[in-house]
Amino acid sequence: MSATRTTAGARDHARAQGGTVVQAMPTLPASAWAAPPEGVAAADLTWAEVVGGGNYTNKVVARGTTLRLTDLEGDACAHLLVFNADQPWERLNVADTVKVPWQAYLGAGHPLLSDQGRVLATVLADSSGRHDALCGTSSRLRNEQRYGDGEAQGPSPAGRELLLLAALKHGLGPRDVAPSVSFFQGIRVGEDGALAFTGSAGPGGSVTLRAELPLVVLVANVPHPLDPRASYTCSPLEILAWRGAPTAPGDPLWTASPEAERAFLNTADYATARGV
Amino acid sequence: MSATSVVDGTVTSDDVVPARAPWSAVVPAGHVLSIVDLGGNQAVDCLLYHAHDTSERYSAADTIAAQGNIFLTTGSVLRSCEGRALMTVVADDVGRHDTIGGACSKESNTLRYGHHTRHQHACVENFLREGAKWGLGKRDLVSNINWYMNVPVEADGTLGIVDGLSAPGLTVALRAEVDTLVLVSNCPQVNNPCNGFDPTPVRMIVTDPR
Chain A
1 MSATRTTAGA RDHARAQGGT VVQAMPTLPA SAWAAPPEGV AAADLTWAEV VGGGNYTNKV
61 VARGTTLRLT DLEGDACAHL LVFNADQPWE RLNVADTVKV PWQAYLGAGH PLLSDQGRVL
121 ATVLADSSGR HDALCGTSSR LRNEQRYGDG EAQGPSPAGR ELLLLAALKH GLGPRDVAPS
181 VSFFQGIRVG EDGALAFTGS AGPGGSVTLR AELPLVVLVA NVPHPLDPRA SYTCSPLEIL
241 AWRGAPTAPG DPLWTASPEA ERAFLNTADY ATARGV
Chain B
1 MSATSVVDGT VTSDDVVPAR APWSAVVPAG HVLSIVDLGG NQAVDCLLYH AHDTSERYSA
61 ADTIAAQGNI FLTTGSVLRS CEGRALMTVV ADDVGRHDTI GGACSKESNT LRYGHHTRHQ
121 HACVENFLRE GAKWGLGKRD LVSNINWYMN VPVEADGTLG IVDGLSAPGL TVALRAEVDT
181 LVLVSNCPQV NNPCNGFDPT PVRMIVTDPR
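Chains A and B supply the protein sequences, listed in that same order. Numbering of the first sequence is given in the working numbering, commencing with residue 1 and proceeding in unit increments. Numbering of the second sequence is given in the working numbering, commencing with residue 1 and proceeding in unit increments.
Bear in mind the hints are in silico, worked out from the structure with no lab data behind them. Hints are supplied without guarantee of correctness; some may be wrong.
So the derived label-pair ranges between C-beta atoms look like this [claimed, not checked]: (1) B/ALA155 <-> A/PRO228: 18 to 24 Å; (2) B/GLY95 <-> A/GLY52: 43 to 49 Å; (3) A/GLY74 <-> B/THR74: 23 to 29 Å; (4) B/HIS116 <-> A/ALA24: 49 to 55 Å; (5) B/THR158 <-> A/ASP269: 35 to 41 Å; (6) A/PRO252 <-> B/GLY68: 34 to 40 Å; (7) A/THR233 <-> B/ARG84: 24 to 30 Å; (8) A/ALA248 <-> B/THR158: 25 to 31 Å.
If you want the ones that stay clear, here's a sample from chain B, every Cβ over 12 Å from chain A, calculated [stated by the list, open to error]: (9) ASP15; (10) GLY30; (11) GLY39; (12) GLY40; (13) SER59; (14) ASN69; (15) THR88; (16) GLU130; (17) ALA167; (18) ASP179; (19) VAL190; (20) THR200; (21) ASP208.
From chain A, some residues computed to sit far from chain B (all C-beta separations above 12 Å) [unchecked claim]: (22) THR7; (23) ALA34; (24) LYS169; (25) SER231.
Where a beta carbon is used, it is the ideal one built from N, C-alpha and C, also for glycine.
With these hints in hand, go ahead and build the complete structure from the sequences.
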C-alpha cells in the first residue's frame, strides 16, 4: 500500500524532503552561506545561490548592493538583464553600454547603462576578462538547430526562454526581454567585423557588480550563442550579494571619464528627486 | 520606375523623409524597401517588427550572432528576437552598416556630449512618436540598425561613430521575408559625424517585384 495514499502520509512524505542539500539551490538565509567573501560579514549577505547549467534565477536587490558572479567550474555563462525596480521600462541598454564608454568589451570600471542615461550597475572587479555585450543570448530556434531542442524545460534550454520566464515572474513579458550581456565566455571583433569566440578563462573566474539603483536582476546560465561545442555545455554559476552603498562623489569610478561622471550625476539626480 | 530603385517591379510607395523626421510602413512579405541616402552620410536609424505580432522584433544580437559579424551588408539576414528572418539585405552600395551603436536619445546625449544637449532632437523621440501610431511604446524600443553609419571596433575594443562611407545616391535594399513593420528615424544628431554634422533627407521606395 502506498505511503502517500492519505493526506497525512503525503504530508509526512513532503516534509521528510526538507533539509535536502544539492549543489544548485538557494541558501536561506543568505547569511548561512558557509564562505562569505573576504571582508564581508555573513550578516550582510542578501543573496546566496548556485544556478546549474541550463537554468535561471531572479531577484530584486537594493540600491548599493554588491553582486558577485563566479564561474565555479569554468563553463558557466551568465546572461544578465537588469531593470530599474521602480520603473522596469527603464532597463539595460547594451548599445549605450558600449557606445557611451567608447568600449565594446566589458571589464572592471565598465558601467551597465540604462536607456535613460543612468548607471544601473557598475563592474567593480573582473578576474575573467571573457565577456560579451554584442551577441545576446540564445533563442529557442537557434538551440533547436544547434542541439535539437530549446524549450525551457528540455535538455538544452535557450537563454531567451529562461529570461522570459524570469521576466514573467516580475510582471514583465516578451517585450521586456531586450538584448542581454553575458559573462565568462568571451568574443572578440576582428577588423572586418568578424567575431571570434574566445571561450572561458577557466574555473573560478568572477565578476563583481554594484547596483547603482534598486534592480530587478534576471540571470540565465546557458551556453554562449557562439559556443562551438557540439554538446550543450554549461556548468554551475555561483551568485552572492551583500549590502553596500552606491558609487558616490570621491570614488575614482565617479570621475573615471567625462561620460561616467555625467552618468553618475544623472543617476544621483534621479535618486534624489525620486527619494530612493 | 525610379532610377535609384534597385529592383524591377511595381513601385507601391515612394516617400522622401525630411531631415530629422520619422517614417514607418508595413512592407509586405516579398516586397523590397530601398533606402536612398540622398545627401550622403545620413544615418537612418531603423527598427523592424513582425507586423502581426510586434512582440517579435528586430534583434541586433541574434542578427550578429547568426552571421558571426557585426557589420550589415548584402546577404545579411535581419533576425528577430526569436531568431527568425524578418528581412534580408539584397543590395548594398556602401559595404557596411552598423547595428551595435544604437539610437541617439536626449538622455544618452547628456552622457556623450554634456547636459547642454538635453533639449536637442534625437532618434528615440522619433521612434516613440512614430511607434505610438502602431501601438508601440517605450518597452518596444531595442537595439536598432543604423543604415549608413560607420562604427569600427578596434583591437582593444575601442569603438566609435566615425566619418561615414556613404555618398549621395547610395542605396541599401531590404526584402521582407514576412510582413514587416519598419520604423525609421532619419537621424537628427548634430554632435557626431553620423550625419556629416548636417542631417539631410532620405528616400524610401517600396517595390513589389512580382
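How the hints compare with the structure:
no.: 1; hint: B/ALA155 <-> A/PRO228: 18 to 24 Å; result: holds, 22 Å
no.: 2; hint: B/GLY95 <-> A/GLY52: 43 to 49 Å; result: holds, 44 Å
no.: 3; hint: A/GLY74 <-> B/THR74: 23 to 29 Å; result: violated, 39 Å
no.: 4; hint: B/HIS116 <-> A/ALA24: 49 to 55 Å; result: holds, 51 Å
no.: 5; hint: B/THR158 <-> A/ASP269: 35 to 41 Å; result: violated, 29 Å
no.: 6; hint: A/PRO252 <-> B/GLY68: 34 to 40 Å; result: holds, 37 Å
no.: 7; hint: A/THR233 <-> B/ARG84: 24 to 30 Å; result: holds, 25 Å
no.: 8; hint: A/ALA248 <-> B/THR158: 25 to 31 Å; result: holds, 28 Å
no.: 9; hint: ASP15; result: holds, 27 Å
no.: 10; hint: GLY30; result: holds, 22 Å
no.: 11; hint: GLY39; result: holds, 24 Å
no.: 12; hint: GLY40; result: holds, 22 Å
no.: 13; hint: SER59; result: violated, 7 Å
no.: 14; hint: ASN69; result: violated, 5 Å
no.: 15; hint: THR88; result: holds, 16 Å
no.: 16; hint: GLU130; result: holds, 17 Å
no.: 17; hint: ALA167; result: holds, 21 Å
no.: 18; hint: ASP179; result: holds, 19 Å
no.: 19; hint: VAL190; result: holds, 17 Å
no.: 20; hint: THR200; result: holds, 22 Å
no.: 21; hint: ASP208; result: holds, 28 Å
no.: 22; hint: THR7; result: holds, 43 Å
no.: 23; hint: ALA34; result: holds, 37 Å
no.: 24; hint: LYS169; result: holds, 17 Å
no.: 25; hint: SER231; result: holds, 19 Å
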